[in-house]
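Here the structure of chain A is known, so what remains is to put chains B, C, D, E and F in place on it, guided by the hints.
Protein chains in written order, with our numbering: chain A, 53 to 115; chain B, 53 to 115; chain C, 53 to 115; chain D, 53 to 115; chain E, 53 to 115; chain F, 53 to 115.
In case anyone wonders, no lab produced these hints; they're calculated from the structure.
There are no misleading hints in this set.
Intra- or inter-copy, both count: the list cannot distinguish identical chains.
Simulated crosslink set (DSSO-like; lysine-lysine; CA at most 27 Å straight-line):
{"#": "1", "residue 1": "K82", "residue 2": "K96"}
{"#": "2", "residue 1": "K68", "residue 2": "K96"}
{"#": "3", "residue 1": "K68", "residue 2": "K82"}
Number of protein chains: 6
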Amino acid sequence: MPNITIDGPRLEDVGKKRELVSAVTDAAVKAFGLPRQAMVVIIKENSPENVGVGGVLLADRAK
Amino acid sequence: MPNITIDGPRLEDVGKKRELVSAVTDAAVKAFGLPRQAMVVIIKENSPENVGVGGVLLADRAK
Amino acid sequence: MPNITIDGPRLEDVGKKRELVSAVTDAAVKAFGLPRQAMVVIIKENSPENVGVGGVLLADRAK
Amino acid sequence: MPNITIDGPRLEDVGKKRELVSAVTDAAVKAFGLPRQAMVVIIKENSPENVGVGGVLLADRAK
Amino acid sequence: MPNITIDGPRLEDVGKKRELVSAVTDAAVKAFGLPRQAMVVIIKENSPENVGVGGVLLADRAK
Amino acid sequence: MPNITIDGPRLEDVGKKRELVSAVTDAAVKAFGLPRQAMVVIIKENSPENVGVGGVLLADRAK
Numbered sequence: 053m054p055n056i057t058i059d060g061p062r063l064e065d066v067g068k069k070r071e072l073v074s075a076v077t078d079a080a081v082k083a084f085g086l087p088r089q090a091m092v093v094i095i096k097e098n099s100p101e102n103v104g105v106g107g108v109l110l111a112d113r114a115k
Numbered sequence: 053m054p055n056i057t058i059d060g061p062r063l064e065d066v067g068k069k070r071e072l073v074s075a076v077t078d079a080a081v082k083a084f085g086l087p088r089q090a091m092v093v094i095i096k097e098n099s100p101e102n103v104g105v106g107g108v109l110l111a112d113r114a115k
Numbered sequence: 053m054p055n056i057t058i059d060g061p062r063l064e065d066v067g068k069k070r071e072l073v074s075a076v077t078d079a080a081v082k083a084f085g086l087p088r089q090a091m092v093v094i095i096k097e098n099s100p101e102n103v104g105v106g107g108v109l110l111a112d113r114a115k
Numbered sequence: 053m054p055n056i057t058i059d060g061p062r063l064e065d066v067g068k069k070r071e072l073v074s075a076v077t078d079a080a081v082k083a084f085g086l087p088r089q090a091m092v093v094i095i096k097e098n099s100p101e102n103v104g105v106g107g108v109l110l111a112d113r114a115k
Numbered sequence: 053m054p055n056i057t058i059d060g061p062r063l064e065d066v067g068k069k070r071e072l073v074s075a076v077t078d079a080a081v082k083a084f085g086l087p088r089q090a091m092v093v094i095i096k097e098n099s100p101e102n103v104g105v106g107g108v109l110l111a112d113r114a115k
Numbered sequence: 053m054p055n056i057t058i059d060g061p062r063l064e065d066v067g068k069k070r071e072l073v074s075a076v077t078d079a080a081v082k083a084f085g086l087p088r089q090a091m092v093v094i095i096k097e098n099s100p101e102n103v104g105v106g107g108v109l110l111a112d113r114a115k
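Same shape as in the complex, but just chain A (with noise of 0.2 Å):
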């Protein structure tokens, strides 16, 4: 704790993944004056039909 979740589509690149961690743990060390060893994050990939935005699917979307 602090737990950080992002819930986003996929991301293929781990690189992008390791970036991403890395740099939200820098932000949220910074806003709680916690240890950077006590942050977790979890990112949550989610597939195109199973997100809607404005009430469409994301999968109807990109058609």
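Just chains B, C, D, E and F, lined up with the frame of chain A:
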């Protein structure tokens, strides 16, 4: 925002997902009085091995 | 289960909450084909100081 | 409701899931004084590429 | 990580919270085989106006 | 979407929230390559009575 997360069993039919996202978005627009485009719905599909109701896995119930 | 979590701004009118829960439950019953009694909806109300859209707090936008 | 969500690493052994759900449900029944049947537990399994602790992906730690 | 989130009604007695966190942590240590210190439990207390079961607010059921 | 949820202790200083939301949004824009305006960050503040680390409430640790 508003963000709506729906945790349920697997939903194989994309038509059902489409209707679910649309109807839930309608309900949120009506309640919050915010633009339809602001509404995000995420469907989370869970395996029967990963859900317990009343202390029993759904995977065991189905047997 | 299914569990539906709605993260939004404050919703002061309990009548709006009542309608939101009812309509979202209707949509979930139709999509999942599970009993109405199984559906759980939780509304999470968030302060404008605790929500950022596009990197800006809603509390700052309102100004 | 109550709904309990467990975000962890992969848990391959269904026997461990079964015990986890049962024990967590026992604890919730005792704390809330609500019927066992009301308790819902969802296990979320996360890939080591999608979890960062202390700013480092678990996938990188394992190396 | 693992992170366990418990969404329930209000739980006024801190003793019940203490026991809940301890017992849930025990169960997670046993299932995941990870150090006790890694386990994070967050209790989320929800008002009866913000929870619907079967499409009906708990606040309305209580009446 | 992407949606980022930050569960932490209370954060009284709105300036810290502002910076946290901005920095986390920067990181997400870089990782996902999506418009800044799409990013939603929600900060969830938790009481020390409602968080357990290593099976012990933060409220008890502070003593």
